[in-house]
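Protein chains: 2
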Amino acid sequence: MIVLDEEQAAARAWFETLRDRICAEFETIEREAGSDACFGYTPWNRDDDPEAKGGGGVQGLMKGKVFEKVGVNVSTVGGEFSGEFAKTIHGAAENPSFFATGISLVAHMANPHVPAVHMNTRFLVTQKRWFGGGADLNPPLPYEEDTRDFHAAFKKACDENEAGDYPRFKKWADDYFWIPHRKVHRGVGGIFYDHLEGDFQANFALTRSVGEAFLSVFPTLVRRRMGMTFTDADTVQQLEWRGRYAEFNLVHDRGTLFGLKTGGNIDAILMSLPPVATWA
Amino acid sequence: MIVLDEEQAAARAWFETLRDRICAEFETIEREAGSDACFGYTPWNRDDDPEAKGGGGVQGLMKGKVFEKVGVNVSTVGGEFSGEFAKTIHGAAENPSFFATGISLVAHMANPHVPAVHMNTRFLVTQKRWFGGGADLNPPLPYEEDTRDFHAAFKKACDENEAGDYPRFKKWADDYFWIPHRKVHRGVGGIFYDHLEGDFQANFALTRSVGEAFLSVFPTLVRRRMGMTFTDADTVQQLEWRGRYAEFNLVHDRGTLFGLKTGGNIDAILMSLPPVATWA
Numbered sequence: 001m002i003v004l005d006e007e008q009a010a011a012r013a014w015f016e017t018l019r020d021r022i023c024a025e026f027e028t029i030e031r032e033a034g035s036d037a038c039f040g041y042t043p044w045n046r047d048d049d050p051e052a053k054g055g056g057g058v059q060g061l062m063k064g065k066v067f068e069k070v071g072v073n074v075s076t077v078g079g080e081f082s083g084e085f086a087k088t089i090h091g092a093a094e095n096p097s098f099f100a101t102g103i104s105l106v107a108h109m110a111n112p113h114v115p116a117v118h119m120n121t122r123f124l125v126t127q128k129r130w131f132g133g134g135a136d137l138n139p140p141l142p143y144e145e146d147t148r149d150f151h152a153a154f155k156k157a158c159d160e161n162e163a164g165d166y167p168r169f170k171k172w173a174d175d176y177f178w179i180p181h182r183k184v185h186r187g188v189g190g191i192f193y194d195h196l197e198g199d200f201q202a203n204f205a206l207t208r209s210v211g212e213a214f215l216s217v218f219p220t221l222v223r224r225r226m227g228m229t230f231t232d233a234d235t236v237q238q239l240e241w242r243g244r245y246a247e248f249n250l251v252h253d254r255g256t257l258f259g260l261k262t263g264g265n266i267d268a269i270l271m272s273l274p275p276v277a278t279w280a
Numbered sequence: 001m002i003v004l005d006e007e008q009a010a011a012r013a014w015f016e017t018l019r020d021r022i023c024a025e026f027e028t029i030e031r032e033a034g035s036d037a038c039f040g041y042t043p044w045n046r047d048d049d050p051e052a053k054g055g056g057g058v059q060g061l062m063k064g065k066v067f068e069k070v071g072v073n074v075s076t077v078g079g080e081f082s083g084e085f086a087k088t089i090h091g092a093a094e095n096p097s098f099f100a101t102g103i104s105l106v107a108h109m110a111n112p113h114v115p116a117v118h119m120n121t122r123f124l125v126t127q128k129r130w131f132g133g134g135a136d137l138n139p140p141l142p143y144e145e146d147t148r149d150f151h152a153a154f155k156k157a158c159d160e161n162e163a164g165d166y167p168r169f170k171k172w173a174d175d176y177f178w179i180p181h182r183k184v185h186r187g188v189g190g191i192f193y194d195h196l197e198g199d200f201q202a203n204f205a206l207t208r209s210v211g212e213a214f215l216s217v218f219p220t221l222v223r224r225r226m227g228m229t230f231t232d233a234d235t236v237q238q239l240e241w242r243g244r245y246a247e248f249n250l251v252h253d254r255g256t257l258f259g260l261k262t263g264g265n266i267d268a269i270l271m272s273l274p275p276v277a278t279w280a
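In order, the protein sequences belong to chains V and E. Per this note's numbering, residue 1 is the first one in the first sequence, and the count goes up by one each step. Per this note's numbering, residue 1 is the first one in the second sequence, and the count goes up by one each step.
No lab work stands behind these hints, which were simulated from the structure alone. Possibly wrong hints are sitting among the right ones.
Which copy is meant is left open, so a pair is good if it fits within one copy or across any two.
[Said to hold, decoys possible] Pairs of lysine-lysine residues, derived as BS3-like cross-links and limited to a Cα-Cα distance of at most 27 Å, are as follows:
1. K53 with K183
2. K261 with K65
3. K65 with K170
4. K261 with K87
5. K128 with K170
6. K53 with K170
7. K156 with K171
8. K87 with K156
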């Protein structure tokens with residue numbers, strides 16, 4: 001059982017509302033494609049773990065006709081980081097207590113012309129309090145028009161908030177979503193930001209705008225591409241590309257590491273992995 | 001260009017000979033199944049990397065009817081470990097120079113009744129000189145008979161060598177091939193040993209016996225199972241199981257980490273990944 005202060009409760013409420021709106025929109029897209037696929041929701045909690053202060057989350061998962069596999073997780077957890085890990089977390093070196101609430105979304109799409117996507121925003125409290133997050137587009141078959149629209153949506157979200165800094169956040173995504181052992185980017189980028197502390201209201205407003213930007217642009221891209229025909233060769237390319245995606249998430253992704261190190265729910269943490277991937 | 005001393009040259013020659021014999025036997029199995037699949041060999045070298053002292057290897061890869069994807073790599077490399085990484089390697093904390101020669105094999109099989117397998121033996125030289133290696137069986141659909149025969153072959157290899165210690169090496173494999181975030185073993189085990197230093201001839205003899213044990217038992221298991229019929233449900237189980245295999249290799253495997261940290265050939269390092277894997 002964890003007790004939330006006013007900021008923590010406000011952040012959690014936003015992440016849960018955003019989840020509801022995104023899932024409803026994705027189910028609407030499935031209807032438009034003639035499918036009756038729905039999200040299934042699986043709650044999990046850490047209250048039976050004596051080393052955790054508790055909390056938990058809800059893993060949302062849909063396997064549809066357009067969305068081959070899409071996971072939307074919200075979680076709100078508290079506890080203490082283990083010793084060595086605490087030293088790597090902002091504000092936790094002296095005191096390992098933490099609170100975290102956030103939303104995390106990964107969509108792997110059936111049609112290789114439709115981009116896959118990742119979005120995650122979160123509010124962390126250690127001896128510091130900050131927001132972090134971002135979104136990045138992962139098209140197996142990239143279209144310049146889609147990349148441009150995706151970047152434009154997040155530029156607008158940054159530009160209309162005093163806490164936003166688009167050039168810095170875009171570069172951060174370019175630097176972060178990089179697979180060093182392959183020397184390639186994971187996708188075509190987006191924005192990434194972290195340790196946004198200080199003015200809670202300003203940082204929270206940016207984080208809400210990032211969520212709204214996602215909700216506006218991604219369904220547009222899906223509807224633009226979901227009816228396109230594709231070949232076996234397109235699918236081969238998609239599955240190879242998903243192998244790179246899995247490599248990034250398992251070898252480099254800090255969110256995955258955070259989940260594994262803090263005793264999160266393994267199915268929720270690894271829902272980011274593609275439904276099918278190949279290594280030639 | 002690296003210059004080998006007598007022990008290094010002897011170890012390398014053994015690994016290359018073992019590779020030739022294993023690849024010939026696997027190709028014979030393909031013939032028995034009516035396939036004309038052969039290994040293709042891709043050499044790579046580090047001589048153009050100014051930070052490496054050089055060396056390289058040969059990546060052998062076959063995609064056949066029985067062996068859906070099998071990689072057999074030999075490599076012989078020298079150089080200096082990077083600072084932080086050196087501290088994690090036996091005998092390299094004070095002086096980061098190293099030499100390594102070894103064979104590494106991973107076979108992913110088309111028929112889910114046929115076990116996948118991993119085998120790797122190596123000779124390392126830092127300020128210490130040692131052999132390491134092992135083999136473990138990874139059946140998507142385990143058979144007690146196969147597990148028993150596999151373990152018996154490596155027990156015999158250990159028992160007939162003074163450097164062998166089967167109970168210890170078997171437990172080492174059980175401890176090593178463990179996926180902590182899933183709380184399951186990667187497969188049904190085998191043997192694992194490392195830092196076997198001191199008597200070069202005795203340790204080399206054990207390492208040769210381990211190679212002979214592999215060459216004797218694994219083809220037997222393949223021939224026992226390769227003709228069995230299998231269902232779609234068997235394949236579903238095989239592909240999910242391969243997801244766990246990929247997770248282990250990308251998150252935990254020290255050999256994979258060693259390769260990525262020492263600038264090895266990325267295709268050779270990641271040849272261990274399954275041809276197709278799923279995450280439900």
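Hints and how they fare:
Taking the shortest Cα distances, K53 and K183 sit within 27 Å of each other only across copies (22 Å), while inside one copy they are farther apart (40 Å). Within a single copy, K261 and K65 get their C-alpha atoms no closer than 34 Å, and across copies no closer than 41 Å, so neither meets the 27 Å cut-off. Proximity of K65 and K170 under a CA criterion of 27 Å is satisfied in neither setting, with 32 Å inside one chain copy and 46 Å between copies. Taking the closest pair of Cα atoms, K261 and K87 come within 27 Å of each other both inside a single copy (13 Å) and across two copies (23 Å).
When the C-alpha separation of K128 and K170 is checked against a cutoff of 27 Å, the pair qualifies only within one copy, where the shortest distance is 24 Å, while the shortest distance between copies is 47 Å. With identical chains, the CA atoms of K53 and K170 are never at most 27 Å apart, being 35 Å at best within one copy and 38 Å at best between copies. For the homomeric pair K156 and K171, the shortest alpha-carbon distance inside one copy (16 Å) is at most 27 Å, but the shortest distance between copies (57 Å) is not. Neither within a single protomer nor between protomers do K87 and K156 lie at most 27 Å apart by alpha-carbon distance, with minima of 35 Å and 47 Å respectively.
This entry does not satisfy hints 2, 3, 6 and 8, going by the numbered hints stated previously.
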